[in-house]
Amino acid sequence: MSWNNITVGDLVERAEAEVKTGPFGTQLRASDYVETGTPVINVRNIGFGNIRHDKLEYIPDDVVTRLSGHLLRKGDIVFGRKGAVERHVYITDAQNRWFQGSDCLRLRLLSEANVLSKYLSFTFLTHEHQSWMMQQCSHGATMASLNQDIIKRIPLRLPSIEQQKIIVDILSTYDDLIENNTRRIDILEEMARLLYEEWFVHFRFPGHEDVSFKESELGEIPEGWEVCKLIDLVDFIGGAQPPKSQHIYEAKEGYVRFVQNRDYRSDGYLTYIPESKRNKICGRLDILVDKYGEAGKARFGIAGAYNVALAKIVPKNESYREWLRGFLSMTQTQEYLLGASQAATRPSLNKGHFNFPVVRPSESVAERFGHQVLPMLKLMLALKDKTANLRAQRDLLLPKLVSGEIDVSEIPMPDDKEVEAA
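Position in the sequence shown (from 1) plus 10 gives the number in the numbering used here.
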């Protein structure tokens, strides 16, 4: 296979690509943002090839019209100008005609006769590229900063367009399977949430038609249900923090996973500690909450020894575990706990913040709810495992494919059955 070594700047000189900086601050002001409208991709929304939807901002139609040259198209690649220089977003159909933020740079291919934008996106996910970007953009203690000149110097090693298409097809198949699993997990989470609300917020649990209601300090509740302090129903068990000198960053016999709240967002920082130091242990179905940052945020799904930024919330009666998980996962509960934790001089969630009244359902209803929800949770965990396997396989293949280390003709397309066997 023959490869062609060029730069992004070569593509620009041949009018096959263009690089554009986002609108200046004087063009797009803070006062221009609105509650709903066209989404704006800012540096915080840039992931590793994908979009991060947290804290998206929006602009109205008149601003879009005035600055229409910054509308994004499918196939565009967006970089952050400061901080996140090793990351990028590949614009898909879902983000077509979104808006390029002021703190971003856009690479657009004007022709795909010789290079595919999706192929470039995959090459930008390699450690080699990300290290190069950090080296080019770092200036001592100053935050890493990216500009058009650096983007134009990005080295590209390109196989034939036919080989690019095969590589893109292989890697995109992995991404499609990952996305499909992610959607299924989201659907299961939504089903569990709606079922909780139906039973415990609207009181439309099985047999509710035959149950009378009684007055309580929290309003009318079904007979057999009680108002209790949450702290009386659970044990709040804080985590432990072995010294960093005992941390390692690859799995090893005699070590266990060290669970940190950042692990629920990404597997990019796996940490392990000696089994002898595993003071506080959690299973995959145990309920944990953040003590700092997103204090009160409910977590589950990772087994190991959890750190001081997390607390395990254990129901004193196991029949209430899934009811408790549903209650702690409610937006209203998380907002209350976050606000309560921030009221202290040193913001931190503690067991005292659980000293508020809740409506405890009858044990029979809570147990029946658990029987319905638990299979959903187990399926979510199975899908997350399959997704992790897919990511691991893709991440192993990607650098070998785009470097030419392995022949693309030897790589079969992945499917779910292969992943289950992996």
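These are calculated hints, taken from the structure and not from any lab test.
Since the structure is predicted, the reported quantities are computational estimates derived from the model, not experimental observations.
Note that CB positions come from ideal geometry on N, CA and C, so glycine has one too.
Be a bit skeptical, because a hint or two may be false.
With a straight-line cut-off of 30 Å between C-alpha atoms, the simulated BS3-like cross-links for lysine-lysine are [unchecked claim]:
#1 K175 x K326
#2 K224 x K262
#3 K410 x K307
#4 K326 x K65
#5 K239 x K224
#6 K322 x K396
#7 K290 x K175
#8 K262 x K326
#9 K361 x K410
#10 K322 x K65
#11 K361 x K262
#12 K254 x K175
#13 K239 x K287
#14 K30 x K254
#15 K410 x K290
#16 K175 x K388
#17 K307 x K84
#18 K410 x K396
#19 K307 x K287
#20 K224 x K175
Distance ranges between label pairs, derived from CB positions [unchecked claim]:
#21 R83 x N190: 37 to 45 Å
#22 M340 x L120: 33 to 41 Å
#23 I291 x L406: 39 to 47 Å
#24 I176 x K254: 24 to 32 Å
#25 E200 x Q251: 30 to 38 Å
#26 H137 x T17: 17 to 25 Å
#27 S358 x I176: 49 to 57 Å
Hints versus structure:
1. Restraint check for K175 and K326: not satisfied, since their Cα atoms lie roughly 57 Å apart, outside the 30 Å limit.
2. Taking the CA atoms of K224 and K262, the gap is about 57 Å. The hint is violated against a cut of 30 Å.
3. Taking the CA atoms of K410 and K307, the gap is near 39 Å; set against the 30 Å cutoff, the hint is violated.
4. A distance of roughly 37 Å separates the Cα atoms of K326 and K65; the hinted pair therefore is violated under the 30 Å criterion.
5. About 18 Å separates the Cα atoms of K239 and K224, which keeps this hinted pair within 30 Å; it holds.
6. For the given pair, K322 sits about 26 Å from K396 by alpha-carbon distance, which is consistent with the 30 Å threshold.
7. At most 30 Å may separate the alpha-carbon atoms for a hinted pair to count; K290 and K175 exceed this at roughly 49 Å.
8. With a CA separation close to 34 Å, the supplied pair K262 and K326 exceeds the 30 Å bound.
9. About 50 Å separates the Cα atoms of K361 and K410, which puts this hinted pair outside 30 Å; it is violated.
10. Distance check on the hinted pair: K322 and K65 sit about 28 Å apart at the alpha-carbon level, within 30 Å; holds.
11. Distance check on the hinted pair: K361 and K262 sit about 34 Å apart at the alpha-carbon level, beyond 30 Å; violated.
12. With a CA separation close to 45 Å, the supplied pair K254 and K175 exceeds the 30 Å bound.
13. With a C-alpha separation of about 33 Å, the suggested pair K239 and K287 falls outside the 30 Å cut-off, and the hint is violated.
14. Straight-line distance between C-alpha atoms of K30 and K254 comes to about 43 Å, which puts the hinted pair past the 30 Å bound.
15. Taking the CA atoms of K410 and K290, the gap is about 40 Å. The hint is violated against a cut of 30 Å.
16. For the hint pairing K175 with K388, the CA-to-CA distance comes to about 37 Å; that exceeds 30 Å, so the pair is violated.
17. Restraint check for K307 and K84: not satisfied, since their Cα atoms lie roughly 34 Å apart, outside the 30 Å limit.
18. As the CA atoms of K410 and K396 are separated by approximately 22 Å, the hinted pair is consistent with the 30 Å bound.
19. Restraint check for K307 and K287: the C-alpha separation of about 26 Å stays at or below 30 Å, so the hint holds.
20. Taking the CA atoms of K224 and K175, the gap is near 66 Å; set against the 30 Å cutoff, the hint is violated.
21. The beta-carbon spacing between R83 and N190, approximately 25 Å, falls outside the hinted interval of 37 to 45 Å.
22. For M340 and L120, the Cβ-Cβ distance of about 49 Å falls outside the hinted range of 33 to 41 Å, so the restraint is violated.
23. Hint check: I291 to L406, Cβ distance near 30 Å, so the stated range 39 to 47 Å is violated.
24. For I176 and K254, the Cβ-Cβ distance of about 44 Å falls outside the hinted range of 24 to 32 Å, so the restraint is violated.
25. Evaluation of the 30 to 38 Å hint for E200 and Q251 yields a pass: the beta carbon distance comes to about 35 Å.
26. For H137 paired with T17, a C-beta distance near 19 Å keeps the hint of 17 to 25 Å intact.
27. At about 52 Å, the CB distance of S358 to I176 agrees with the hint of 49 to 57 Å.
In summary, the numbered hints that this structure violates are 1, 2, 3, 4, 7, 8, 9, 11, 12, 13, 14, 15, 16, 17, 20, 21, 22, 23, 24.
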